[in-house]
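Chemist: Could you put together the complete structure from these sequences and hints?
Mind the numbering: the sequence shown is residues 869 to 1170 in my numbering, read in order.
Since the hints were derived computationally from the structure, they do not count as laboratory data.
With a cut-off of at most 30 angstroms between alpha-carbon atoms, the simulated DSS-like pairs for lysine-lysine come out as follows: (1) 1065 / 1050; (2) 1050 / 1107; (3) 904 / 894.
Treat the numbers as computed from the prediction; the structure is a model and nothing was measured.
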Amino acid sequence: MPIDIRQLRFAVMAADASSFLGAAKKLNVKQSTLSKRVGVLERRLGITLFERSTRGVVLTDPGRAFIEVARRIVRDVDGLRDTARAVRSGLAGQLSMGFSCSLSSGNLRLVLGDILKDCPGVELDIQESRPDQMLSALQSRLIDVAIHACQISAVGLAHRPLWSERLMLVLPRNHYLLDLEKVFWTDLRDAIFAFSKYSTGPTVTRVIRQRLAAHGFEANILVQSNSTETIASLVPYGKFITAIPESAAIAVHPDVAICEIAEPTGTAHLDFAAWWSEDNDNPVLARLFRLVDKRYPSFSTS
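Modeler: Here you go:
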């Protein structure tokens, strides 16, 4: 005894309107079509749903019980369709993300805020990870996308630029570099740096080594198991300095000073990119990139 959803919708609308004519107008169908479909439904069920008269229709007792269930079914089917549309367009669903940049402020926080406001039906699973952990998670599909400031090389991965952040020095407030109008790489030749082995630490370490080597100097770097925030909080004691992405600057200790590193083309910076599996067709990921393009049009790939 197949019953299609349209028959249920016609019956529910007729019950609400107390009229086949009124229901037909709301559904934009002929009254005869609606009346015929309801009649077919009644014969299939073996019960009379409506008492008919020239004044309209009234539910019978069996009809009242049936319509109560039919209304829930129609509502659930409509909800399924709405959910399917939202999932198809990336307005609902799940997005798992690995990242190695600060969430306390800055670009990633803004973009996550954009997607949560634009797509309230999306569930975000975000986890701070090292590049090697993110690569493994991408390959095993534990995450949809990795946000990082260095190359993640592997077959089957796609990538795109996201944004750029200035690389900021974290110095004691009485440090001699603060007396300079601008701090260049050559001014850092005698500096002792400390970096975390986690988060953006390895990336910044590599940048410092490469930039100083380009000027003929070998970087003096301490690699620690502490977090970037912990290392920055120890800078005031004068044993070392560090460098962090601009987005992490808000979380540093109040007893330190922040300054940028000058370069011929502007200031030293880190370029962040997104990495994902080429066969990942998650619609939420596509919507994330559209929101990034909207916020940072200069990095748009479209």
